[in-house]
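Protein chains in written order, with this note's numbering: chain A, 1 to 239; chain B, 1 to 475.
It is worth saying that the hints were derived from the structure and are not from the lab.
No experiment lies behind these values; they were computed from the predicted model shown.
Cβ coordinates follow ideal geometry from the N, Cα and C atoms, glycine included.
Among the hints, erroneous ones may be present.
Pair ranges (Cβ atoms, derived) [to be verified]:
(1) B:86 to A:198: 47 to 57 Å
(2) A:183 to B:432: 19 to 29 Å
(3) A:122 to B:354: 51 to 61 Å
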Amino acid sequence: MKVSLFITCLGDVFYPYVGKDTVEILERLNCEVVFPKNQTCCGQPAYNSGYHKETKDVAKHMIKTFEQSDYIVSPSGSCVTMFHEYVHLFDHDKEWQEKAQSLANRTFEFTQFIVDVLKVENVGASFSKRATYHTSCHMSRLLGVKDAPMKLLENVKGLELSNLPNKEICCGFGGTFSVKMVPISEQMVNEKIEHIEETDAEVLIGADCGCLMNIGGRIERQGKPIKVMHIAQVLNSRG
Amino acid sequence: MPMKIGDVEFFGRVDKGLRNSFMRNAVVSAQERLKGAKLNAAEELGDWEEWRNLSEEIRQHTLENLDYYLEELTENVCKQGGHVFFAQTAEEANEYITRVSKEKKAKKIIKSKSMVTEEISMNDALEALGCEVIESDLGEYILQLDDHDPPSHIVAPALHKNKEQIRETFSEKKGYKKTSKPEELALFAREQLRADFLSADIGITGCNFAVAESGAISLVTNEGNARLSTSLPKTQITVMGMERIVPTWEELDILVSMLCRSAVGQKLTSYITGLIGPKDKGDVDGPEEFHLVILDNGRSNILGTEFQSALHCIRCAACINVCPIYRHIGGHSYGSIYPGPIGAVLSPLLGGYEDYKELPYASSLCAACTEACPVKIPLHDLLVKHRRNIVEEHGKGTFGEKLAMRGFSLAASSPKIFSMGSKSAPTVMSPFIKDGKVKKGPGPIKPWTDIRDFPEPSKQSFREWFKKRDKGGDQ
Ligand code: SF4
Numbered sequence: 001m002k003v004s005l006f007i008t009c010l011g012d013v014f015y016p017y018v019g020k021d022t023v024e025i026l027e028r029l030n031c032e033v034v035f036p037k038n039q040t041c042c043g044q045p046a047y048n049s050g051y052h053k054e055t056k057d058v059a060k061h062m063i064k065t066f067e068q069s070d071y072i073v074s075p076s077g078s079c080v081t082m083f084h085e086y087v088h089l090f091d092h093d094k095e096w097q098e099k100a101q102s103l104a105n106r107t108f109e110f111t112q113f114i115v116d117v118l119k120v121e122n123v124g125a126s127f128s129k130r131a132t133y134h135t136s137c138h139m140s141r142l143l144g145v146k147d148a149p150m151k152l153l154e155n156v157k158g159l160e161l162s163n164l165p166n167k168e169i170c171c172g173f174g175g176t177f178s179v180k181m182v183p184i185s186e187q188m189v190n191e192k193i194e195h196i197e198e199t200d201a202e203v204l205i206g207a208d209c210g211c212l213m214n215i216g217g218r219i220e221r222q223g224k225p226i227k228v229m230h231i232a233q234v235l236n237s238r239g
Numbered sequence: 001m002p003m004k005i006g007d008v009e010f011f012g013r014v015d016k017g018l019r020n021s022f023m024r025n026a027v028v029s030a031q032e033r034l035k036g037a038k039l040n041a042a043e044e045l046g047d048w049e050e051w052r053n054l055s056e057e058i059r060q061h062t063l064e065n066l067d068y069y070l071e072e073l074t075e076n077v078c079k080q081g082g083h084v085f086f087a088q089t090a091e092e093a094n095e096y097i098t099r100v101s102k103e104k105k106a107k108k109i110i111k112s113k114s115m116v117t118e119e120i121s122m123n124d125a126l127e128a129l130g131c132e133v134i135e136s137d138l139g140e141y142i143l144q145l146d147d148h149d150p151p152s153h154i155v156a157p158a159l160h161k162n163k164e165q166i167r168e169t170f171s172e173k174k175g176y177k178k179t180s181k182p183e184e185l186a187l188f189a190r191e192q193l194r195a196d197f198l199s200a201d202i203g204i205t206g207c208n209f210a211v212a213e214s215g216a217i218s219l220v221t222n223e224g225n226a227r228l229s230t231s232l233p234k235t236q237i238t239v240m241g242m243e244r245i246v247p248t249w250e251e252l253d254i255l256v257s258m259l260c261r262s263a264v265g266q267k268l269t270s271y272i273t274g275l276i277g278p279k280d281k282g283d284v285d286g287p288e289e290f291h292l293v294i295l296d297n298g299r300s301n302i303l304g305t306e307f308q309s310a311l312h313c314i315r316c317a318a319c320i321n322v323c324p325i326y327r328h329i330g331g332h333s334y335g336s337i338y339p340g341p342i343g344a345v346l347s348p349l350l351g352g353y354e355d356y357k358e359l360p361y362a363s364s365l366c367a368a369c370t371e372a373c374p375v376k377i378p379l380h381d382l383l384v385k386h387r388r389n390i391v392e393e394h395g396k397g398t399f400g401e402k403l404a405m406r407g408f409s410l411a412a413s414s415p416k417i418f419s420m421g422s423k424s425a426p427t428v429m430s431p432f433i434k435d436g437k438v439k440k441g442p443g444p445i446k447p448w449t450d451i452r453d454f455p456e457p458s459k460q461s462f463r464e465w466f467k468k469r470d471k472g473g474d475q
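Taking the hints into account, I'd like the entire structure generated from these sequences.
Structure below.
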């Protein structure tokens, strides 16, 4: 099966190791991974700030970039959600709307792809740590991917996974919200970290680099000993 | 704008909210309590999603045929001997209500809870006339005693207060001597209000839904105060937003059930009242005169726009009860009597962007509100639409932001420029990096690093790694 990887801008620049783990896991599951090199960003920063004309240009570029791909897989729930959002962006443009719909039909979040398309729930990982999982809002509410990451994590050998209290509450990232509304975002991420601490986890696992950058950045500023990891890193662990 | 509360600017209000630990504790515990109750109430009903779909359909249908149903309602109210007045603006509504009060030589007016009368500042208009206006909903009563503190929640207006603060208000203003036990506080308010119910000249209520087919208005409460406000005084005035209408009793049944479950996690509240016109000959109680004021106040401008679904709102506050922003900043920070997600959508529509331009941005777009809404209003989407309106229609984006977004779209549509940008990231960021972290970032990263560390751009980007690897290089 041929899979086109959409790495996302954060993944490309800040978290290339998440991309490497994603590639290795997919290859182990017999996928041929290709990287359409014209890819850029999904356009979320512009879209969520209300710059929709600008977003349309980006969306068209991404639609063209992935036009030939059978499957597009990305290790970031909110960027995949944004691909799905393109359909509404072209509400008044039938031609591009159809193309956007086709892109959405072929695009999957990384864990969703493994569980729902490849029908695999155990990727043979082992990771002996106490951890908890952060459900990202866009991935769980808008994309509707809730169970896939849990199924995969449950099958990780040695992983002690505890439930995160108030897991449905946003971590305070929200893209530009995190820099436009700093005092509010700060309280939200503080509360999230308090809940993580309640679980006594050594590692916080997530599936969206945006949330992880927010929670991780705050944890580091507070000097707390909690490690933040993308789910691909955990699923590619052998020890 | 009467809807507006206070003159402090947005971040000033937020700062005050964030420092108010009493309020924050009260809000968090209310959210926690209501969350569980609502989940149970929704589960009990069976297929909640189906009920939401049905409710959305009912609201859609009603709003699409609003003219028809308003006419039917008016006809039926008049047939039963009631009076109907359409008010285009808050001023027109207040003029009508004060005129009726003057005619009745009213001295004392008892009110049951109504957000729409808050929206038009009706109490001020009546007080200017010399009437004594008494709020009979416990929450509103507390706020009124506490020097007219504005409501912070659309279902529980005094949600920001804890019982100790309520006890203090009662003892300071009314000489209350007992404890802060909720039952004792409620009993005290009840005793105080009983005499007012008996001596009031006019009863004024809001309206949860009017039923077009019968000309009835329905009121949903847990305290029974709406019943007393509508059965004891000789004159009753009901004020409703023009969208608060259902075609028949059948739809009322469904929406009231959704309202109660979503608002307080109850199957039904203690009192659900349906009232038709003034009392008939033979009736033991009820008003001799009934006036229905139907308020537009900006609503018809929303009809037919991409924001029409905001008018589907049944004011259950479920969106507010799950909102993580409201959780921390509380209701007053919104600067409007309509707080939370629905407030952030509605306040700019009714009051304009000038006063409420920050509200659409006071959301992380987490969509908890959209998920909670019993009539499926896509609240987070509407907030994005507001943002688009603000920058595209009203040209209100800052120059720097516009430039940045244009640059962004140019780069993100051009792979060459984009990869140049990501390639240069490590070099651009290198002066700011200390121990592998950015602690004090430049430009747009500055507010980020005010409270968090920013990661160091990787020396080798993913795409570089992949390219090399493709060529059989670095593994
Ligand atoms: S927007 Fe929806 S959830 Fe919020 S108050 Fe209105 S009906 Fe309730």
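Here is how each hint holds up against the structure:
1. B:86 to A:198: 47 to 57 Å: Hint holds: Cβ distance 55 Å, inside 47 to 57 Å.
2. A:183 to B:432: 19 to 29 Å: Holds: the Cβ-Cβ distance is about 23 Å, inside 19 to 29 Å.
3. A:122 to B:354: 51 to 61 Å: Given a distance of about 57 Å, which is inside 51 to 61 Å, the answer is holds.
Of the numbered hints stated above, none is contradicted by the structure.
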